[in-house]
Structures are given as C-alpha cells and as structure tokens.
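So the sequence lines, in the order shown, correspond to chains A and B.
Under my numbering, the residues of the first sequence are numbered 1 to 479, in order.
Under my numbering, the residues of the second sequence are numbered 1 to 385, in order.
Keep in mind the hints are simulated off the structure, nothing from the lab.
Do not take every clue at face value.
Counterexamples of contact, computed for chain A against chain B with all Cβ distances above 10 angstroms [to be verified]: (1) Ile14; (2) Gly178; (3) Ala205; (4) Tyr234; (5) Thr327; (6) Leu370; (7) Thr450.
With beta-carbon atoms standing in for the labels, derived distance ranges [claimed, not checked]: (8) A:Trp92 x B:Pro296: 40 to 50 angstroms; (9) A:Ile435 x B:Leu19: 50 to 60 angstroms; (10) A:Ala177 x B:Gly237: 52 to 62 angstroms; (11) B:Asn331 x A:Leu420: 31 to 41 angstroms; (12) A:Leu368 x B:Asn331: 42 to 52 angstroms; (13) A:Val405 x B:His136: 34 to 44 angstroms; (14) B:Asn331 x A:Leu181: 54 to 64 angstroms; (15) B:Tyr42 x A:Ala177: 14 to 24 angstroms; (16) B:Asn202 x A:Leu105: 29 to 39 angstroms; (17) A:Phe6 x B:Leu19: 26 to 36 angstroms; (18) B:Pro296 x A:Gly412: 51 to 61 angstroms.
Remember, predicted model here, so these are calculated numbers, not experimental data.
Cβ coordinates follow ideal geometry from the N, Cα and C atoms, glycine included.
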Amino acid sequence: MNVPSFEFLAFAAIAALVFNLFRHAGWRQAVLLVTNLIFFASLVHGVVACLPFPLFLAVGYGLMRLAQRTAEGDGRVLFGASVVALILLFAWLKKYGFFPAQVFLDFPYATIGLSYVFFRVLHLVIDARGGGLPAITPLAYINYTLNFTALVSGPIQRYPDYKEQADSLSRPRLVGAGRALERIAVGFFKVFLLSHVFHDLQLQALGALPEAVGTWALVAQGVIVAASYPLFLYCNFSGYTDVVIGVGYFFGLRLPENFNNPFIAENFINFWGRWHMSLSNWLKTYVYNTLLMKLMERFPARAIEPFLGVLAFFVTFFLVGIWHGQTSEFVMFGLLQGGGVAVNKLYQIQMAQRLGKKPYKALCANPLYLIASRGLTFTWFAFTLFWFWSTWGQIEAYYSALGGVGAVLVWGVIWVGAALVIECVRLAWALLLRIKAGDAPLALSRYTRTVGITVIATLTTVFILLANSPAPDIVYKTF
Amino acid sequence: MDNTTDNGAHTVLPRRDLLIIPLLIVVTLACLLGASEMLARYFYPAQPLDACQVPDATMGTRFKAGCTSTTKAPEGPWVTNHYNECGFRSAASCALKPPGSLRVVAFGSSLTQGYLVPDEQSYPERVGTALGAICHRPVDVQNVASIGYNWSRAQLNFDQAIKLSPDLLITSIVPFDLERDPDSFTPAEAPVAAAPPPPLLNQLYVAIKEQARSAYVAQYFYFKNAQAFTDLYLHYGEKANFLRTPFSPFWQTRLDTYEKLLADMARQAQAAHVPLVLVYVPQRAQVALISGTPAPEGVDPWAFSRAIGDIARRHGIIYVNTSDDFSRLKNAADLYYPVDGHPSGAGHAVIADAVVSRLSTLTDTPLGSCTALVAHAALSQRTAP
Numbered sequence: 001m002n003v004p005s006f007e008f009l010a011f012a013a014i015a016a017l018v019f020n021l022f023r024h025a026g027w028r029q030a031v032l033l034v035t036n037l038i039f040f041a042s043l044v045h046g047v048v049a050c051l052p053f054p055l056f057l058a059v060g061y062g063l064m065r066l067a068q069r070t071a072e073g074d075g076r077v078l079f080g081a082s083v084v085a086l087i088l089l090f091a092w093l094k095k096y097g098f099f100p101a102q103v104f105l106d107f108p109y110a111t112i113g114l115s116y117v118f119f120r121v122l123h124l125v126i127d128a129r130g131g132g133l134p135a136i137t138p139l140a141y142i143n144y145t146l147n148f149t150a151l152v153s154g155p156i157q158r159y160p161d162y163k164e165q166a167d168s169l170s171r172p173r174l175v176g177a178g179r180a181l182e183r184i185a186v187g188f189f190k191v192f193l194l195s196h197v198f199h200d201l202q203l204q205a206l207g208a209l210p211e212a213v214g215t216w217a218l219v220a221q222g223v224i225v226a227a228s229y230p231l232f233l234y235c236n237f238s239g240y241t242d243v244v245i246g247v248g249y250f251f252g253l254r255l256p257e258n259f260n261n262p263f264i265a266e267n268f269i270n271f272w273g274r275w276h277m278s279l280s281n282w283l284k285t286y287v288y289n290t291l292l293m294k295l296m297e298r299f300p301a302r303a304i305e306p307f308l309g310v311l312a313f314f315v316t317f318f319l320v321g322i323w324h325g326q327t328s329e330f331v332m333f334g335l336l337q338g339g340g341v342a343v344n345k346l347y348q349i350q351m352a353q354r355l356g357k358k359p360y361k362a363l364c365a366n367p368l369y370l371i372a373s374r375g376l377t378f379t380w381f382a383f384t385l386f387w388f389w390s391t392w393g394q395i396e397a398y399y400s401a402l403g404g405v406g407a408v409l410v411w412g413v414i415w416v417g418a419a420l421v422i423e424c425v426r427l428a429w430a431l432l433l434r435i436k437a438g439d440a441p442l443a444l445s446r447y448t449r450t451v452g453i454t455v456i457a458t459l460t461t462v463f464i465l466l467a468n469s470p471a472p473d474i475v476y477k478t479f
Numbered sequence: 001m002d003n004t005t006d007n008g009a010h011t012v013l014p015r016r017d018l019l020i021i022p023l024l025i026v027v028t029l030a031c032l033l034g035a036s037e038m039l040a041r042y043f044y045p046a047q048p049l050d051a052c053q054v055p056d057a058t059m060g061t062r063f064k065a066g067c068t069s070t071t072k073a074p075e076g077p078w079v080t081n082h083y084n085e086c087g088f089r090s091a092a093s094c095a096l097k098p099p100g101s102l103r104v105v106a107f108g109s110s111l112t113q114g115y116l117v118p119d120e121q122s123y124p125e126r127v128g129t130a131l132g133a134i135c136h137r138p139v140d141v142q143n144v145a146s147i148g149y150n151w152s153r154a155q156l157n158f159d160q161a162i163k164l165s166p167d168l169l170i171t172s173i174v175p176f177d178l179e180r181d182p183d184s185f186t187p188a189e190a191p192v193a194a195a196p197p198p199p200l201l202n203q204l205y206v207a208i209k210e211q212a213r214s215a216y217v218a219q220y221f222y223f224k225n226a227q228a229f230t231d232l233y234l235h236y237g238e239k240a241n242f243l244r245t246p247f248s249p250f251w252q253t254r255l256d257t258y259e260k261l262l263a264d265m266a267r268q269a270q271a272a273h274v275p276l277v278l279v280y281v282p283q284r285a286q287v288a289l290i291s292g293t294p295a296p297e298g299v300d301p302w303a304f305s306r307a308i309g310d311i312a313r314r315h316g317i318i319y320v321n322t323s324d325d326f327s328r329l330k331n332a333a334d335l336y337y338p339v340d341g342h343p344s345g346a347g348h349a350v351i352a353d354a355v356v357s358r359l360s361t362l363t364d365t366p367l368g369s370c371t372a373l374v375a376h377a378a379l380s381q382r383t384a385p
C-alpha cells in the first residue's frame, strides 16, 4: 500500500472509524495494533521477508528493558554495548558495505521503514538509560515503533509525546478534522501534481541536455536539471508528511512537523533547522549535544569551544548524509552536508570575530545580504543533492555536457534566480497577508481556505485521472 | 470574524459555517467547471459539422455542389473542404476526364472522404499525386465518399463512383464502419420511430459527453496514452469484440453482410474492367496493439484484417492491409486523433504509401505497372460514348 494513495486513505478512514467507536484505551490500542500489522503486512511480500523486522524489534525491546533496569546503576559499558549492538544490527540488516557480503542474510526481506523504526528504538534505549522514559508495555512498544502513519518515512516522534497523545483518548473535532483534511489535500497536491511536474521537468531536461546546442541552451537545461530536484524532493517528502500528519489527527496523534519553509532559510545551518526537522532534531539531541558535551569535557579550553561546535556540527550532518544510503555517493553527500554546515558555522565565528558581533548581526539583517544568502543556501543544497539523486557517472556526464564555463553559469544563474524567486514569493505572501478580513488575514480565513482546498483537490483529482502515469514514489520510502 | 480562528485547540465551528462551507465548495466546483469549459473552448476550438453537408432523400446526406467549408476537431487543425460541381471532395472537375489523364475514384466513408484532414492530405489525394508522379501523367481524383456510413449508402456510393468512368476504384474499411445493424441495408434510411426520452441522468451524461468541451479535452489527454486508451477500449463491450477471436455473432453477421456487398461491387467493377482496391485501415486501439502495446489474452488485433483480406481475395479485389505498415511504426497510435478516432494527416500518409506501394508491386495483374493503368485509361477513352 503506497503512502499517499487513495487506497491508503480508504484504509486509514476505515481504521479511524473503528478506532473512534469507543474512547477506551484497550480498544484503541487493539485497533491500532491490528491496523499497524495490516499496514505492515501490505508492505511485505511473504512471511519470511518480514522475519528480520520482528527480530529487530525484539532485540530493541530487550535492550530498552536492559537499559531501564541498569538506569540507576553503573552500567555504562553495558549501555554502550547495547547502543553499539543496536546500530550494528541495523547496519547489518540494511547491508552497509563495511560488513563482508558473506554475513548478510541470503533471502530477500523487507527493510521499508526500518531506518525510522531504528531511530525510535534507539531513542527508547538511550532515554531508558537516562531514566526519563515512562513505563512501556510490549503492546505500546509495537504500536509506537510500527505506527502506520509514520512507519514508511517518519516523521520521528518521541515516545513521551506519542504516549501523552495516545493516552488523552481525544476524539476528532469538526474544525480539527477540517484542518486535517486540508493537510491531506495539500499533501496529495504536492505529491501527485507538483512533485510529478518537477520530476518530469528534470527527466526531460536530463534527456535534452546532451542534445542542447549553444551555451545558453545548455545552461537552461543544466539549470532545470539542478534546480528542479530540490523542488521535487520538497514536494514529494513534505507532501507525504502532510498526508500522514493529517491522517494521524484521526488517531489522536499530533505528529511532529518535518518542514518549515526550508527555502527561506538564510544559511545552511538554519536550513537544516527547517528541513526534515524530526531527523535533524533527533540527531542534534542524540549526536550533536552528546558529542559536543564529550568534546568539551575532553578539551575544556574556552578558546576552542566554538571550533568544537564546528566539529560536532560536521559529524552530525555527515551522519545525516550517510544515513541516506550505503554507496560512496552518499558518503560524498554526507561530507557536503557536514562540510556545508561546518563551513557555515566557521564563517559565522570568523565574521563575528572580524567585524564584531553587533556589526555582523547588522550585516545578517541587511535585506540584500539576506536575499543573497537565501539564494546561496538553495544553490548549495541543490549542488549537494547531485550525490543524492545521481551516480558518479551521471555527475560526470552532466558536467562534461556543460563544460567549465557552462557549469559556472548554471550555478550562477541558480544562485541569482533562486534569490529573486524566493524574495518574490516572500513579498507576494507578505502582501497577501496584509489583506485583512476583520482582524486576521483574508488568505488564512476558513472560507478562503475552503475555496483554495477545493481548487487544489479538484486539480489533483483531474491530474491523477488524466496523467496516465503513476506519481513518482516517495523518495524517503527507500531509506 | 471568527472564520479565521482555527488555530485554537477547542475552536468550535459556528453553526452558519455548516451551511456556508458546503455552499462554498459547490460554488467553487461550479466556477471551476465553468472556467475549465471556457478555457477548453478557447484553446481547443471545434467545428465538427461540415456546413456543405446537406440532407439528401436518397443518400441520407450529400455535399453541396461548388461549396467550401471548414471543419475542425478540438484536437486537430482547421481544415478547408472544397467540393466540386458534383459535390465531390475534389479540386478537379467531375466532368469527363481530360484526354491522357487517369481518373481515380474514391468512395466509402469519412475516412476516405478525408474527414478532419486538409484536402491535399487525404489518402485518395496523396495516392493521386503519387500515381501522377510515377506515371508522368495527370491524375484526376474524384472523392465521392461521404461522412457517416451505412450499408445502403455504401452501395449507392459505389454506384456514384462507377458512373464516373474511373481507371481505378478505391475504397477503405475500418471496423467502426461495420458497426451499424446490417438490417439497415435498405435503399434509403428507414424512418426511426420516436423513442421514449431516456432517463434524465442519461440525458445529462449524453449532454456532457457530446457538448462539454472540457470533457472532450479531458478525454483527449487521457486517450493520448495509447496503453490507457487501449485498456479502456477493450472494455467497450461488443464494439471491441472485433479484436477477439472467434468473432462474436454480432461481428460475424457484419462480416457476412459485408462480403455480400463487396461481392456485388467486385462483380460490377470487373464487368466495367476497373480495378477495385480495398484498403483496410485499423482502428486506433488496434494500431496500439499491433505496434507495441501488449495484447491481453484472447485479443488478436490482426484477426479482423485477415478476415477482410480473405473476403477480398475470394472476390478478386486488390487488398491493401495497412495494419502491416502501421505495425512497423513507433508510436503509430499517435497518427490518429485520440478522441475522434480518425487518422490525422500523417496517418493518411501511411495509408497512401501503403496503397501506392501495393499498386506498384502488382506486376502480374493488369494493374501491375503504370503502363497497365495507362493502357486501361486509353482503352476506356476509345470505348467511351
């Protein structure tokens, strides 16, 4: 069952109806368990293929219980070994290249959603050690880790938040349900229409690039290839997230947001605070903070403290990059993410030292500087994504086709173009919000939104019916 | 204005919104429909009716003599149609052919008439031009075909054609042409008894299907994908069963009736010593199936053309099966108008090439070479009254 799809919506609607029949915790847990298992079974072909998944969950549960038991004792080594064991088990199941090929299971099995389950389980093990985790029954554990709304590609919700929402036994309200349906409609629009269009644009430009004649024709195709992918990925992943957040509402869940207008980020550090937020927040909590504290303990000199932050940033976002895949392209992607964030942090340190904190702050608030920074942030992200969506061979072909001057022009055009487009969109939105109906902006009124969502839903439905080709799959499904 | 305050966790919907919001949805949908219809009409104009076509007591319809009209399918180009002094779609006069020239007379249905393609792009005109180039002689093409087809009109149309002293008779057949009930094989259109009006929903459906340009354009985009079109077409009930073997009684009856009709035409053509060419043109779904779209079990896209070919051979008719030519082309279904179903100008080019190629290979028949054609023309002029 694909998420999102009409099939998934129908499945979720039936499950939500049954789930909300009674406001009884036992009933809801049981319905959720059945729903989660049916959904999981729909993703797996055959009993054998799903076996590694329960194994991983069972090991994770055992390690969590072990961490809970040793929470107050001096079990640091045992805890460390548990975390390493869980990471190794995950890496083994995901067939990371540092294992010899002979040790892998020799039958096909499902790993869909395993990365996101891994983050949830690891969070449980680590927090259990810290003693901050409420008691968790096996049923609650399965429902949390296999939660069908967030199984495939997240978002990663912390257990205490999940438990609080699940225990509240809330029922959908009319206004909330309307909001949730809006999110679902917007999600479908992004996945089935916008991401489809950007995907097709990129494919056409990739096909046209080798045949393009003349510098500007080459540059035009090169720009479309490079700039359409971030837009496609955003629509694809944030559309998926919109749908599951909307569906989650009908099960009493407020899943965390994954995106917050990432393309208006004024620097790369800020970008990662707006893009795939549940992942970057998870890594900041469990990797960045932990690593920085350890480094500061190990190197207590105040003068090097900012540089330790740079190092911690690099490691954290390098991990973000290589988490996406097992090939050398993803190592490069990780280096560029980590490198981008680290250089960004270094630049901030250097500029603050050179100009002084106040003048640097004033510079950062300068509108022209902000516009250029936003364009540069988008450009850098688009550049790094080459190692996300293509192979070394394709990258070589792309730059061979463009040539040196062409490549420089492409990235220059993307920088300037992105800066201008982002600013225009921001200005247009700001102007729109100035049109008021009573005290609030007209664009945000329930009536305006009703009209907007009806238009979006109609366009999406017509597009799905007429497109004659399936929408691109959710990219993060494979991670 | 409390319609803007959805963010609070305990927001209650005002009672008036229970009416306003559904109303807004309905009004928005109506506006969207209206806007899409306007856009469709602007970007996809259409003129499906040929203004030169008028009712006729014998033929059902005919074209006005010396008339010029324009037609256009929403998915096709604007087309100018010229009709000569006899009401035939031809640039040449229908009077006695000039000495030394060859006369090709095409008869049949809208496909032969060149419906929705410019005069010079219709396959009879293209065949005439090609034969002229091969024979180094003027070729006069008289296209007596009409739009719409039924069994009685086919016979009358043939009678018109043979009276023009042709050197070559060409007609075409598309499975669609044979869908009509063979019982309508009467000299004139039988008056249809007034049927009770269909249910309102059916009327609405028909009105949308026939009149709504946005629905047409939506179909156009959907049908452009040959695979999707074919999948849908195969669910078209009896109409799609010409693609399945053994043929259903519906199609077998039509083949039998068509054989009788062809046999009669062949006899008359042979009596007049005029070669008769039958061109089989597959329908779009058939073309998709023979040029790459996988055929489901039980579907044989070649069967119908084989059956027609067998009939033609039994009666000494020169048979041109253009299925072979379409099957060799990539994306051959694109050579048809997806919704209307007629071949485009490019599709007519494939048909014409197939006809000319077939005519030029017939060395063991009187039509084997241009000289045979020329000889026939000379003979017919000597014996003409």
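Cross-check of the supplied hints:
1. Remark: the non-interface label on A:Ile14 is consistent with the geometry, its nearest Cβ contact in chain B lying 24 angstroms away (cut-off 10 angstroms).
2. Not every CB of chain B is more than 10 angstroms from the CB of A:Gly178 (nearest about 8 angstroms), against its label as outside the interface.
3. Taking the minimum C-beta to C-beta distance to chain B, about 21 angstroms, the non-interface status of A:Ala205 holds against the 10 angstroms cut.
4. Interface exclusion of A:Tyr234 from chain B stands, the closest Cβ pair being 24 angstroms apart, more than 10 angstroms.
5. The beta carbon of A:Thr327 is kept farther than 10 angstroms from every beta carbon of chain B, the shortest such distance being approximately 33 angstroms.
6. The claim that A:Leu370 lies off the interface holds: its Cβ sits roughly 28 angstroms from the closest Cβ of chain B, which is beyond the 10 angstroms cut-off.
7. Annotated as non-interface, A:Thr450 brings its C-beta within 10 angstroms of a C-beta of chain B; the closest such distance is 5 angstroms.
8. For the hinted restraint 40 to 50 angstroms between A:Trp92 and B:Pro296, the CB-CB distance of approximately 44 angstroms keeps it satisfied.
9. At roughly 25 angstroms, the beta-carbon separation of A:Ile435 and B:Leu19 lies outside the given 50 to 60 angstroms, and the hint is violated.
10. Taking 52 to 62 angstroms as the suggested C-beta distance range, the pair A:Ala177 and B:Gly237 does not conform, at roughly 42 angstroms.
11. Remark: the range hint 31 to 41 angstroms for B:Asn331 to A:Leu420 is upheld by a beta-carbon distance near 39 angstroms.
12. Separated by about 51 angstroms at the C-beta atoms, A:Leu368 and B:Asn331 satisfy the suggested range of 42 to 52 angstroms.
13. The hinted window of 34 to 44 angstroms between A:Val405 and B:His136 is violated, with their beta carbons roughly 57 angstroms apart.
14. Taking 54 to 64 angstroms as the suggested C-beta distance range, the pair B:Asn331 and A:Leu181 does not conform, at roughly 41 angstroms.
15. For the pair B:Tyr42 and A:Ala177, the beta carbons lie near 39 angstroms from each other, so the given range of 14 to 24 angstroms is not met.
16. For B:Asn202 and A:Leu105, the hinted distance range of 29 to 39 angstroms is not satisfied, since their beta carbons lie about 59 angstroms from each other.
17. Between A:Phe6 and B:Leu19 the CB atoms are about 28 angstroms apart, so this pair conforms to the stated range of 26 to 36 angstroms.
18. A beta carbon spacing of about 53 angstroms between B:Pro296 and A:Gly412 agrees with the range 51 to 61 angstroms that was offered as a hint.
Hint violations for this structure: numbers 2, 7, 9, 10, 13, 14, 15 and 16, all remaining hints satisfied.
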